[in-house]
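Engineer: Now for the letters of each chain:
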Amino acid sequence: MPTFEYAPAPESSAIVDIQPSYGLFIDGEMVDPIDGSRFKTVNPATEEVLSEVAAAGPRDVDRAVTAARAAYQSTWSQLPGRERGKYLFRLARLVQERARELAVLESIDNGKPIRESRDVDLPLVAAHFFYYAGWADKLGYAGVGPDPRPLGVAAQVIPWNFPLLMLAWKIAPALAAGNTVVLKPAETTPLTALAFADICRQADLPPGVANILTGAGETGQALVEHPGVDKVAFTGSTEVGRAIARSVAGSRKKVTLELGGKAANVVFDDAPIDQAVEGIVNGIFFNQGHVCCAGSRLLVQESIADELLDRLKRRLATLRLGDPLDKNTDIGAINSSAQLDRIRELSHAGELEGAERWSPPCDLPDRGWWFPPTVFTGVTQAHRIAREEIFGPVLSVLTFRTPAEALEKANNTPYGLSAGVWTDKGSRILWMAQRLRAGVVWANTFNRFDPTSPFGGYKESGYGREGGRHGLEAYLDV
Amino acid sequence: MTATAPSPTGTVEDLADAVASTSTLRRFLHGLPGVDQVGVEARAAGLATRSVKTTAKQFALDLAVRMVDLTTLEGQDTPGKVRALCAKGRRPDPTDPSCPAVAAICVYGDMVETAVDALDGSDVKVAAVATAFPSGRAPLDIKLEDVRAAVDAGADEIDMVIDRGAFLAGRYLDVHDEIVATKEACGDAHLKVILETGELATYDNVRRASWLAMLAGADVIKTSTGKVSPAATLPVTLVMLEAVRDFRGQTGRLVGVKAAGGIRAAKDAVRYLVMVNETCGDDWLTPDAFRFGASSLLNDLLMQRQKLATGRYAGPDYFTLD
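Heads up: the protein sequence lines correspond to chains A and B, in order. Using the working numbering, the first residue of the first sequence is number 4, and each one after it goes up by one. Using the working numbering, the first residue of the second sequence is number 64, and each one after it goes up by one.
These are calculated hints, taken from the structure and not from any lab test. Because the structure is a prediction, the values reported are computed rather than measured. Please note: incorrect hints may appear among the correct ones.
Claimed, not checked - Where chain B lies over chain A, by a calculated footprint (3+ residues, C-beta under 8 Å):
| no. | stretch |
| --- | --- |
| 1 | 8 to 17 |
| 2 | 267 to 276 |
What the hints assert, rightly or not - With beta-carbon atoms standing in for the labels, derived distance ranges:
| no. | chain 1 | residue 1 | chain 2 | residue 2 | range |
| --- | --- | --- | --- | --- | --- |
| 3 | B | Tyr376 | A | Ser77 | 54 to 62 Å |
| 4 | B | Gly73 | A | Glu411 | 34 to 42 Å |
| 5 | A | Ser362 | B | Arg327 | 36 to 44 Å |
| 6 | B | Thr72 | A | Thr6 | 24 to 32 Å |
Claimed, not checked - Interface residues of chain B toward chain A, partial, derived using beta-carbon atoms under 7 Å:
| no. | residue |
| --- | --- |
| 7 | Pro96 |
| 8 | Gly97 |
| 9 | Val98 |
| 10 | Asp99 |
| 11 | Arg113 |
| 12 | Ser114 |
| 13 | Thr117 |
| 14 | Thr118 |
| 15 | Glu305 |
| 16 | Asp345 |
For each residue, glycine too, the CB sits at the ideal point set by N, CA and C.
Make a model of the complete structure from these sequences and hints.
Structural biologist: Below is the structure:
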């Protein structure tokens, strides 16, 4: 009997026009870097070079900050909120109009499946711009004081896991509040930010209001340490976040940091089991696990552990790994070889420490960087794979007997970004949510995002909130 | 890649205790894991984004044609209309000999003889709705007589309705016993049990009703009569597919699923097949284990088949209306 094999259904990449090289977006124009250095950005699914982008040096950073300051003083802070809102609405609509192109570009540069960039990233990007556009003329009603003022120039450094979405999380509230920005996209995923630069020009955004500097860690460091910056916003690793906190300590700069996580996804024995399985899959295998709030630790009540794992494994066998541009791909490519090495290293450590490793039968493509969905059982709190952020499609499974034990294990981590609770019992959800030390607690769902909802961490997962009214406060002098 | 069934953990007999009394049955059904509405609807919507193209589409369209229970259940049905439907069921696309026949013709009990005659010599089955379809509101002996009459007239399959009133009132054992009695009256005929999910109010109830019907011996569990809105939906069918998959895992017995009512577009049919594929796997991708109860769906399947083969759409007038 023939089986139902899905034929390839690739999204066409003809819609994107990647230039052989890109400059820096400063003061409304694409300019070459002063010292002329460049680096390559690569398609992680094929290892093919996509384009050469500029690496901004200290003098480029200075140019961009100066342009942002001038734009802040001469135009953006002088505009009524209603006018700023118009620009943001325009950006939101342009993002929607170019959504398909941006989604394809994101999948090519990042390696994430088109299904996710199309159905999750891009709709959320537009939603963030729409949401904060609405706030631009209502800042006095955001609950942060009667006449909040913008801070000035914001330096924003974003990661590679959700390139355009993180850009939206940073730029939309900053501009709505009346700040101007200099944003540095991640080294490995600059292309959608550069496409956004084009959207800024299309929207006739006044020059200098949004500046985009590509580059690596040194560019980011020069940017956050620049004396002309009033606000620093960073999303990325806890290690870099610490360095940023050190470098701006004692300065007048306001800082928000959104860092790593090692979220617990807690499944009680009365959970809706099939939906819990979906939630676990979505929690750790969404975006190849490159999610700071990923549910990387599964805490399951021991009475249903075997049944849940059987169901989870059966479900994982249906995941489709491969070409990120195929509309039926569930798991795409790992963003960089450095990240792949880290995932491999930690998975190897998990085996050495005695946890049992399992992956579904899964063919990996010959070229590109790939890692199969992986589950570790028999994990204990002491194992590295239960403590360190892997940032890959690797799930560590632990069991618990009582709610108190679940809570203790869930909170026993230096991180505190997110957590999930699965149970049919409403009172237990509230009991857990009050005690979990995590910025977001999802109940009977996972990895759900909305621009109206604040997002941010406890402990080493950072400080400050993005999204919602709280996200505005981070860009206002209140 | 498709889901594969693990070897069963027990047999149907192991579950005999569950139906020993009203209280054990209630405890069993209420002990099934709950269904989260938001989660199941999100999963069904996620599966509906699968892109089925070229060879996969060809496979799915042909399979869907073979799974159709071509149905007419109107007060104004005539023997002539039933004969026309049977002719269509045998050869859905007279211009294309490669087009497979449908699975069955589904009619009211009084039309069974006509259908049996018209389908003589073909593999197309005759299905009859019975047990005071669609409401199920008649005394048990009359319902059973309804079933026996249809079977005596030559029906291969019986589509019964459950007593939703008894189910919603918590009289699970009454519902169970009625299905058992109907199954007995069916003899060799296959029994499809219609849950009428549009009246069951919650997905938890759909899961419980599915297990109840399977415990009572249903060969197939079916979403709807088609007379109540909403009829079949993707999430409801997903809950039922999970139930038959789990029942198979626990007892080794394969129970089929029939999605009936409201499925009109070939695109929707393909979405159901994707869901069957990724929830239950190959074993359910046959007309024995999955059916569509439909009438207008068939023409859209034929139209899409033709489009796939020729690259052009023919107008609706080129497909027979029955």
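Engineer: Run every hint past the structure and note whether it holds.
Structural biologist: Hints versus structure:
| no. | hint | in the structure |
| --- | --- | --- |
| 1 | 8 to 17 | holds (count 5) |
| 2 | 267 to 276 | holds (count 4) |
| 3 | Tyr376(B) <-> Ser77(A): 54 to 62 Å | 59 Å, holds |
| 4 | Gly73(B) <-> Glu411(A): 34 to 42 Å | 36 Å, holds |
| 5 | Ser362(A) <-> Arg327(B): 36 to 44 Å | 41 Å, holds |
| 6 | Thr72(B) <-> Thr6(A): 24 to 32 Å | 25 Å, holds |
| 7 | Pro96 | 4 Å, holds |
| 8 | Gly97 | 4 Å, holds |
| 9 | Val98 | 6 Å, holds |
| 10 | Asp99 | 4 Å, holds |
| 11 | Arg113 | 6 Å, holds |
| 12 | Ser114 | 4 Å, holds |
| 13 | Thr117 | 5 Å, holds |
| 14 | Thr118 | 5 Å, holds |
| 15 | Glu305 | 5 Å, holds |
| 16 | Asp345 | 5 Å, holds |
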